[in-house]
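> This is what each chain is made of:
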Amino acid sequence: MDAFKILTGIAVPFGAKNVDTDVIIPARFLKTIQRAGLGKGAFAVIRENPDNIFDQPRHKGAPVLIAGDNFGCGSSREHAPWALTDMGFRIVIAPSFADIFSGNAFKNGMLLVALPQEQIDRLMEVAETDEITVDLENQVVTTPYQDRFAFEIDPFRKHCLLNGLDEIGLTQAMDKDIAAFEAKLAVDQPWIAGAAQVA
Amino acid sequence: MTQTPRTLYEKIWDAHVVAERDDGTALIFIDRHLIHEVTTPQAFEGLRTAGRRLRRPDLTLAVPDHNVPTNHRFEPITDPESAAQLDALLRNTKDFGVELIEMNDARQGIVHVIGPEQGFTLPGTTVVCGDSHTATHGAFGALAFGIGTSEIEHVFATQTLLLRRAKTMEVRVEGSLGHGVTPKDVTLAVIGHTGTGGGTGHVIEYRGPVIEAMSIEGRMTVCNMAIEGGARAGLIAPDEKTFAYFKDRPRSPKGADWEKAVAYWRTLATDRDARFDKSIVIDGTKIAPLVTWGTSPEDVVPITGVVPEPASFADPTKQDAAQKSLDYMGLTPGTRLEDVEVQNIFIGSCTNSRIEDLRAAAAVAKGRHVAGHIKQALVVPGSGLVKRQAEAEGLDRIFIEAGFDWREPGCSMCLGMNPDKVPAGERCASTSNRNFVGRQGPGARTHLMSPAMAAAAAVTGRLTDVRQLMGAA
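Protein sequences, first through last, are from chains A and B. Start counting the first sequence at 1; every next residue gets the next number (the working numbering). Start counting the second sequence at 200; every next residue gets the next number (the working numbering).
Since the hints were derived computationally from the structure, they do not count as laboratory data. Just so you know, these numbers come straight off a predicted model, no measurement behind them. Note that CB positions come from ideal geometry on N, CA and C, so glycine has one too. There's no promise every hint is true.
Non-contacting residues of chain A with respect to chain B, defined by C-beta distances greater than 10 Å in every case (computed) [unchecked claim]:
1) K31
2) P57
3) N163
4) A196
5) V198
What the simulated footprint calls covered on chain B by chain A, stretch by stretch (three residues with Cβ under 8 Å from a Cβ of chain A suffice, anywhere in the stretch; the number is not a length) [stated by the list, open to error]:
6) 217-223
7) 232-246
8) 257-267
9) 347-354
So that you can see chain A by itself, here it is in the shape it has in the complex (with noise of 0.2 Å):
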C-alpha cells in the first residue's frame, strides 16, 4: 500500500446520494479472479451514457470523487473498493459512507473524507475548473480559493494511510509475537501443525 499525505489533483464533481455498491460494481462483474481490471465495469450503468461525467477527458484518471450522503451502501463486496481504485481514485469526499464499504476501502488504502453538505457543494463547485488538496497530515482539504475545510478521521486510519500501513503490514510486524505463538504452540499442540500436507 503506497503512503499517503497530501494529494493535489482533479476532483469528478459526482455528487449522486445514496450510491450503493451495485451501482459501484454492478453483480455481473464479479465472477473474476483479478482485483485490477474492474474499473471498467466500474458505475457501469451510469457510463452506458456517453456523456456521463467519468467518461469526460477532463476526468480521466482523477483521484478524487466528490459523491453525496451515504456513499458505499448496499452489498459488502469489496469489489467496490477495487473498482473505484482501478478507475485511479484514491480519495472519495461526500457527507457519509457506509458502515462497511468504510471499512474496505479502508483495507484497500482509500481516504474516505466526510465533510458537511455545504462544503462538498462549494468542492462541486470548484472541481468545475481547479484541483483540489487533501492534506491527510493536517486533515483539510483546501482549494486555489482560501477556501479551507478540516476533517476527522480515526487516528489508527490516518497513521496507517499516512505510513502506508496496510492491516497485513502492521500484522507483520507483530512477526516475534506471531512467532512465539507458534514455537509454543508447536510444543503444546503437536498435532496442529503440518496437517494439510499428512496422506
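Chain A is fixed; fit chain B onto it per the hints.
What follows is chain B alone, placed relative to chain A:
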C-alpha cells in the same frame, strides 16, 4: 487459585490470543484455513502484488466446490468464468505450496464436509474459510467462521486475524425430538424463534439433552445454520462421539498425540458456572417437521400449518416483507402447506449432504417413485467419500430406482453458481440453507426442509408431512 468459569467459546478464544491491543481487539491465531475457488483468487493476487509469501501452507487446505458441475465431471467445464476460477485455484495452490484436493479426486467435496472428514477440522481449533457456512465446523467444538477476501489474504500472510471478542449466547434444546423430527427442524426452529438477527454479534453454543443425543452429522446441520440466525459461529462441546468421529481420520492426531489431544479436548466444555450474555430455551418435544414459506430462513411453519397472513405479524416492516415474500413465492395466505405443489427436489448442500442425510432420504424413497410432474430430483452427496459410502450401502440404487438423479459431489443447486439451477417461477423442496430471492437461480422459489421431508415431497409431488409416509416409531 480458582479460575473464573468460562464458556467453550472463551476457552478457545483465550487459547488463541497472540497479542491484545489497546482498542479491545486481539490478534487471534488461525489453526485451520480451508479455501475454495470463488473467494480466494483476489487474495492470492494480493500476495503476489505485495511480494508476500503464504506463511503456513501446512495449515491451509484447498478444494473446489462452488463452481464444479455435478455431472459430466470428466468433460471440460463449459462456463468460461467457472473454468477460470477453477484454473486459478490450481495455479495458485501450486505457486504457493498449498495442498489441493482436485475436482476429480475421490476425496473432493463441499469444503465443510471434507474438512472434518479428513480430520483437518479438530476440536478446540480456530477454523476459517471464505464462506459464511464455515459455522458448520462448530459442531466439533471448533471456533469456525466465514471471512472476506481481505481477511483471507491476511490469514495467508500472517496466519492470524484481528478480531473483537464476540458476546456469548446459549441455545438450550430441552427434552427429546418426536418421530420424524430431525436436526434440520431443530436449527430451523431456533431461527424461527430468534429471527435472522437474533444471533448478531454473538457466538451461539447449542446445548441440552437434544444436542447431546444428536449424531455428529446432525450437529453439523445445526451449527451450519448459525449464520442464518445472525451468529458468525455456532458451537457444540466435543464429547465421546466427537472423539470417536476423529479417531484414525487421515489428518487427525495419531499415537501419543492422540491421547494428548483427547485429554485437551476434554477440558474444553463450558464450565458449570460460566455465564452467557444471552440465553434461550427451546422445548424439543414441541418441534414439528418444518418448512419455510417465504424468502428468509426465519419464515418457518410446521408442515401441518398454513401460509401466514402478512397482517398476522406484529412488526409493520415484517408485514411488508411478508407480503413481498408471498408475491415472490406465488403463495396465498391460508393455503395449507401440504397443498403446495413442487417441481424440483434438491437433496444436498453443506447443510444436509452427509451419509445420515442420504440414509434418511433413502428410507423414504425406498419402494416409492418420484411423482410424474417433478422436473428435477437431485441427490448430491457432500463428498466423494460420502458418495462411496452411500453406494456401498446401496443407497444409490434406491434413489435411482425411485427416479432420482444421483450426482457427483459439490455445492450444486444450493446457490445457482454452477449448472444446477431451479428455473424461474418453479418451486424447489430443498435441504439447503437459504431461501433468498434468486438464490437457487433467478426467480426460483425455495422451500427449506429436512432430507426426509424433501424425499417425501419428491414422491408425492407436493410439500408433505413425512410422518405420514413413515412406519410407526
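> All hints, please: hold or fail.
Okay, the hints, checked on the actual structure:
1. With a cut of 10 Å on Cβ distances, A/K31 falls inside the contact zone with chain B, its closest approach being about 4 Å.
2. Against the 10 Å criterion, A/P57 stays outside the reach of chain B, whose nearest CB is about 29 Å from its own CB.
3. With a least beta-carbon separation of about 15 Å from chain B, A/N163 lies farther than 10 Å from that chain, consistent with its non-interface assignment.
4. In this structure A/A196 is not separated from chain B by more than 10 Å, as the shortest Cβ-Cβ distance comes to only about 4 Å.
5. A beta-carbon of chain B comes within 10 Å of the beta-carbon of A/V198; the shortest separation is about 5 Å.
6. A stretch counts as covered by a chain when three or more of its residues have a beta carbon under 8 Å from one of that chain; for the segment 217-223 of chain B and chain A the count is 3, and the coverage holds.
7. Residue count for the segment 232-246 of chain B with a Cβ under 8 Å from a Cβ of chain A: 4. That meets the three needed, and the coverage hint holds.
8. By the rule of at least three residues with a Cβ nearer than 8 Å to a Cβ of chain A, the coverage given for the segment 257-267 of chain B holds, with 4 such residues.
9. With a cut-off of 8 Å between beta carbons, the segment 347-354 of chain B has 5 residues touching chain A; three or more are needed, and the interface restraint holds.
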